[in-house]
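Undergrad: Okay, here's what each chain looks like letter by letter:
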Amino acid sequence: MTAQERSPSLAEAAAQQPAEHRSMPLWRRPFTWLIVLVGLAFALLPAWGDNVQLRESLLLAAVYITLASSLNIILGYTGYVNFGNIVFFGLGGYICVYLVSEWLWPLAAAALIAGISVSLLALIFGLGILRLRGAFFALATIGVNEAVKAFVSNFEPWAARREFTFRSKFMSRSAGRDKHGPSTSSLLR
Amino acid sequence: MIGVIASIIDGVLVGAVYGLAAMGLTLIWGVMNVINLTHGAMIVLGMFALYFLASALGLPPYGAVPGTIVIGFIVGVLVYWIAVHRVIGRAHLMSLLSTFAMNMVLIGLGTALFSTSPYNVPVPLPGITWRGYTFTGTHVVAAVLALLIAGLLYLLLYRTRIGKAIRAVADNREAAELNGIPTTQVLSFAFGLGVALASVSGTLIATLFPFTVLSGGAYELKSFVVTVLGGLGNPAGALMGGVALGLIEGVATPFMPVSWTPIIEFVLFVAVLILFPRGIFAFARS
Numbered sequence: 001m002t003a004q005e006r007s008p009s010l011a012e013a014a015a016q017q018p019a020e021h022r023s024m025p026l027w028r029r030p031f032t033w034l035i036v037l038v039g040l041a042f043a044l045l046p047a048w049g050d051n052v053q054l055r056e057s058l059l060l061a062a063v064y065i066t067l068a069s070s071l072n073i074i075l076g077y078t079g080y081v082n083f084g085n086i087v088f089f090g091l092g093g094y095i096c097v098y099l100v101s102e103w104l105w106p107l108a109a110a111a112l113i114a115g116i117s118v119s120l121l122a123l124i125f126g127l128g129i130l131r132l133r134g135a136f137f138a139l140a141t142i143g144v145n146e147a148v149k150a151f152v153s154n155f156e157p158w159a160a161r162r163e164f165t166f167r168s169k170f171m172s173r174s175a176g177r178d179k180h181g182p183s184t185s186s187l188l189r
Numbered sequence: 001m002i003g004v005i006a007s008i009i010d011g012v013l014v015g016a017v018y019g020l021a022a023m024g025l026t027l028i029w030g031v032m033n034v035i036n037l038t039h040g041a042m043i044v045l046g047m048f049a050l051y052f053l054a055s056a057l058g059l060p061p062y063g064a065v066p067g068t069i070v071i072g073f074i075v076g077v078l079v080y081w082i083a084v085h086r087v088i089g090r091a092h093l094m095s096l097l098s099t100f101a102m103n104m105v106l107i108g109l110g111t112a113l114f115s116t117s118p119y120n121v122p123v124p125l126p127g128i129t130w131r132g133y134t135f136t137g138t139h140v141v142a143a144v145l146a147l148l149i150a151g152l153l154y155l156l157l158y159r160t161r162i163g164k165a166i167r168a169v170a171d172n173r174e175a176a177e178l179n180g181i182p183t184t185q186v187l188s189f190a191f192g193l194g195v196a197l198a199s200v201s202g203t204l205i206a207t208l209f210p211f212t213v214l215s216g217g218a219y220e221l222k223s224f225v226v227t228v229l230g231g232l233g234n235p236a237g238a239l240m241g242g243v244a245l246g247l248i249e250g251v252a253t254p255f256m257p258v259s260w261t262p263i264i265e266f267v268l269f270v271a272v273l274i275l276f277p278r279g280i281f282a283f284a285r286s
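These protein sequences, in sequence, are chains A and B. Each residue of the first sequence is one higher than the one before, starting from 1 at the first, in this note's numbering. Each residue of the second sequence is one higher than the one before, starting from 1 at the first, in this note's numbering.
If you are wondering where the hints come from, they were derived from the structure by calculation, not from laboratory data. Possibly wrong hints are sitting among the right ones.
[As the list claims (entries may be wrong)] Label pairs and their computed distance ranges (CB to CB):
| no. | chain 1 | residue 1 | chain 2 | residue 2 | range |
| --- | --- | --- | --- | --- | --- |
| 1 | B | 5 | A | 70 | 43 to 51 Å |
| 2 | B | 260 | A | 104 | 27 to 35 Å |
| 3 | B | 185 | A | 44 | 56 to 64 Å |
[Said to hold, decoys possible] Computed footprint of chain B on chain A, listed as stretches where at least three residues anywhere in the stretch have a Cβ under 8 Å from a Cβ of chain B:
| no. | region |
| --- | --- |
| 4 | 130-142 |
| 5 | 147-155 |
Built from N, CA and C at the ideal position, the CB exists for glycine as well.
Work the whole structure out from these sequences, hints included.
TA: Here is the structure:
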């Protein structure tokens, strides 16, 4: 069975789009305006009133949009079936929160460093497993996924205290609101 | 030292059951180029089939084994027609996504019906004592049954007409069809067979350890490791891969916390995939 021969990859399908669609100026494409509209909604809706729940939901939705875009790049454009994508999502979160809560870095710098270091890690993984194709690549990413999961739950600095709390100056406003669990100061030595 | 050897032997006994589970996965891959992500759910199916056959019908645990094979086969053929038939021969993403979705449906159904609380099938069986170390009786019986079923699979594949047809379809579906083999029926039979193997290995695992609806995932991953060790699509290699995995677990257990063994397993898994994509027992094929 020659599965690969019969199925054009998604990238090929994209290349087959009508030529006039690609040359159309940006402002005449309906999708551009849809994106602008959604972006405006994300920017403006939280400003209306002090609806915390709406703000949090929008934040979560934005996270999911980013996550889906990252999956779209690897799965949609390159055609690799990647089950390990979420590894980098989780590791980025861990590194960022670790830097903020333990080393008291500002959030923006921590997020940047977390992103860069996780990208480097992905580069190293990629050099190894991107040589595999099709189902073999998919299996290898399952392996990476499980290995990292097992590593994180055994790695002392992260696993010993599963619940991190922000205690930087940056986040002090929300830290005081924490209703459940021990207070910030008691949780961190 | 005796403790280490005993741990290795015990690991190999359990590894034979992992090998049986992986044979189901590798059979389906070898015949139709589909990675069956419902594998974990099918292992759980076997566990619950045993639980209900043993507790509701009052069958002895090992008397229920043929029943779980039949149930697994029927469910496998159903899953083939629902989720697999339409995606055979298409991009890997299609079959991965459709079996993944089926897995979610089945796990969700199981969670709704049985909740995620642990179940246990008590098997009254004396252990075998050797130099002051006792091997659990269920481990020995499970390993023997796993080898027996693997032998039966071998007989089916190499000594019967349907087995010949399965091997022909795996080799070249078009040529098999031209020779008058109803390839679609053969594919559904092979899928049912693969699922039956997953189900019966789940039954054997359920006699060893307590289980929940969600425990399929861990065994599915072990099956992937075993399959890759033995070479995708190579049932004999899968059994050896299972024994090898059991050996690794047996060697590692006395020396490090159990929670670290998955890291070794999966690093090995990725390394084998990159270095020996045809499996470390590739010679067994020729």
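Undergrad: Against each hint, give a clear statement of whether it holds in the structure.
TA: Now the hints, each set against the structure:
no.	hint	in the structure
1	B:5 x A:70: 43 to 51 Å	holds, 48 Å
2	B:260 x A:104: 27 to 35 Å	holds, 31 Å
3	B:185 x A:44: 56 to 64 Å	holds, 60 Å
4	130-142	holds (count 9)
5	147-155	holds (count 6)
The structure shown violates none of the earlier numbered hints.
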